[in-house]
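Trainee: Using the hints provided, position chain E relative to the given structure of chain Z.
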Amino acid sequence: MRTDELVATLARGSAPVVRRRWWQLQLPSAALGLLVAVAAVWLGLGINPQLSLALEQWTFGLKLGFSLTLGAVSFVWWLRLGQPGATAGAAPTLTGGLFALVLALGAIVLLSAEGQRLNLLLGTSWLMCPWLIAMLSLPTLALGLLVMRRMAPTRLRLSGAVTGLLAGAIGMGAYVWHCPELQAPFIAVWYSLGALVPTMIGAVLGPRVLRW
Amino acid sequence: MSDPVVEIEANFRLGLAGNELAYHRALAALTGHLRGFFRARLSSAHEHAEDLVQETLIAVHTQRHTFDPTAMFAPWLYAIARYKLIDCYRRRGSRGREQTIDDASALFATRNDTAVEARCDVQAMLARLPPRHRGPIELVKLQGLSVAEAAARLGMGESAVKVGIHRGLKTLARDFGDIA
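If you read the protein sequences in the order shown, they are chains Z and E. As numbered in my numbering, the first sequence has no gaps in its residue numbers, which increase by one up to the final residue, 212. As numbered in my numbering, the second sequence has no gaps in its residue numbers, which increase by one up to the final residue, 180.
Rather than coming from a laboratory, the hints here were simulated on the basis of the structure. Ideal Cβ positions, reconstructed from N, Cα and C, are used throughout, including at glycine. Please note that the accuracy of each hint is not assured.
[As the list claims (entries may be wrong)] Some, not all, of what chain E presents toward chain Z, calculated at C-beta under 10 Å:
hint : residue
1    : A17
2    : E20
3    : T31
4    : H61
5    : T66
6    : Y89
7    : R92
8    : G93
9    : R134
10   : G135
11   : I137
12   : G144
13   : L154
14   : M156
15   : A173
[Stated by the list, open to error] Label-pair restraints from in silico Cβ distances:
hint : chain 1 : residue 1 : chain 2 : residue 2 : range
16   : E       : A10       : Z       : Q57       : 38 to 44 Å
17   : Z       : V17       : E       : A124      : 25 to 31 Å
18   : E       : E7        : Z       : P207      : 33 to 39 Å
This is chain Z alone, in the form it adopts within the complex (with noise of 0.2 Å):
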């Protein structure tokens, strides 16, 4: 087929565009990732028993507050990214700032201990709380990818660990209500890293199931 008929073709009966915005089809997939989540949890794992004792720490507000922030942050960074030309904005720096707020908090808690300091870091649930967090986020990370093809990314490979980035921050909301653990430094390695892996994922998967 020549050129101009194809554009002939393509511009023949076409119909006003719909644009479908952000609040119609990607909050509700990531809303609907951390719904399964906390079912997950609630259902599955279990709701920490000394629940009502940890709202009381400001631990607890660092692991919501992170969870929230990240989430927040990656949600914009991956409406952009799925969006030709537009740009990331704030959102790499913003990422790369929160975790690193967060583990000095960490390694200020660590240092300032007399002592007790492997357990600030490990806990008692060190071996499972990254992979919990990781299992809890693969629902938004299968529907976040499923989204993303929908729209039109452009760097794959990015595309793809900032939707897991999103699942990530999403799978740690979902955790909290049952992690036991309350130590700065616990949280600050464990927690990002639970974050990291549904990102390494994602770089992983972009390349392959993103291409358009």
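Mentor: Here is chain E on its own, set in the frame of chain Z:
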């Protein structure tokens, strides 16, 4: 208008609102710029560049819902053209050339209106689509029937016809790359 991008953008926006004629003008004007852009960046035969022009036009069409009306047109178009170019380099295994850094203005710097036949035949590729996608595309896009007429002729629902066109064009855009 002196700046070609201003006119193309205006027509493209009208096209998004449903103005078929303006949309046709926008795509037709884009063709020349895309051709100039790709030919300058592909050392091989012009047929490859023509494939890429067609592939990019289909991508612009199927992805036009990702264009944010509050944003500028040139960076959006450039990102798509650049993505298709890099994808082409990658398929042909010449990774070294991915580093070409230029910006959206490069796209409108050149123009070439001498078409050559593309190596990939869209008609032949249409034949590979499943009937539920091919039928709607042929009737609506090639023969110019309305969606309602096509739906009646094919015994499909109107939304099924629209979905068929959309999915079929997406498949076409993807397969283009795999064959080229």
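Trainee: It remains to establish, for every hint, whether it holds in the given structure.
Mentor: Right, here's what the structure says about each hint:
1. A17: holds, 5 Å
2. E20: Holds: closest Cβ of chain Z sits about 6 Å from E20 of chain E, inside 10 Å.
3. T31: holds, 6 Å
4. H61: For H61 of chain E, the interface hint holds, since the closest Cβ of chain Z sits about 5 Å away, which is under 10 Å.
5. T66: holds, 4 Å
6. Y89: Violated, about 14 Å.
7. R92: Violated, because the Cβ-Cβ distance from R92 of chain E to chain Z comes to roughly 15 Å (cut-off 10 Å).
8. G93: Not OK, violated: G93 of chain E not within 10 Å of chain Z, min 15 Å.
9. R134: violated, 13 Å
10. G135: This interface hint is violated because 14 Å lies over the 10 Å limit.
11. I137: At about 8 Å, which falls below the 10 Å cut-off, the nearest Cβ of chain Z leaves the hint on I137 of chain E intact, so it holds.
12. G144: holds, 6 Å
13. L154: violated, 15 Å
14. M156: violated, 16 Å
15. A173: Holds. Min distance 7 Å.
16. E:A10 to Z:Q57: 38 to 44 Å: This hint is violated: roughly 58 Å between Cβ atoms.
17. Z:V17 to E:A124: 25 to 31 Å: holds, 29 Å
18. E:E7 to Z:P207: 33 to 39 Å: Check passed, 36 Å falls within 33 to 39 Å.
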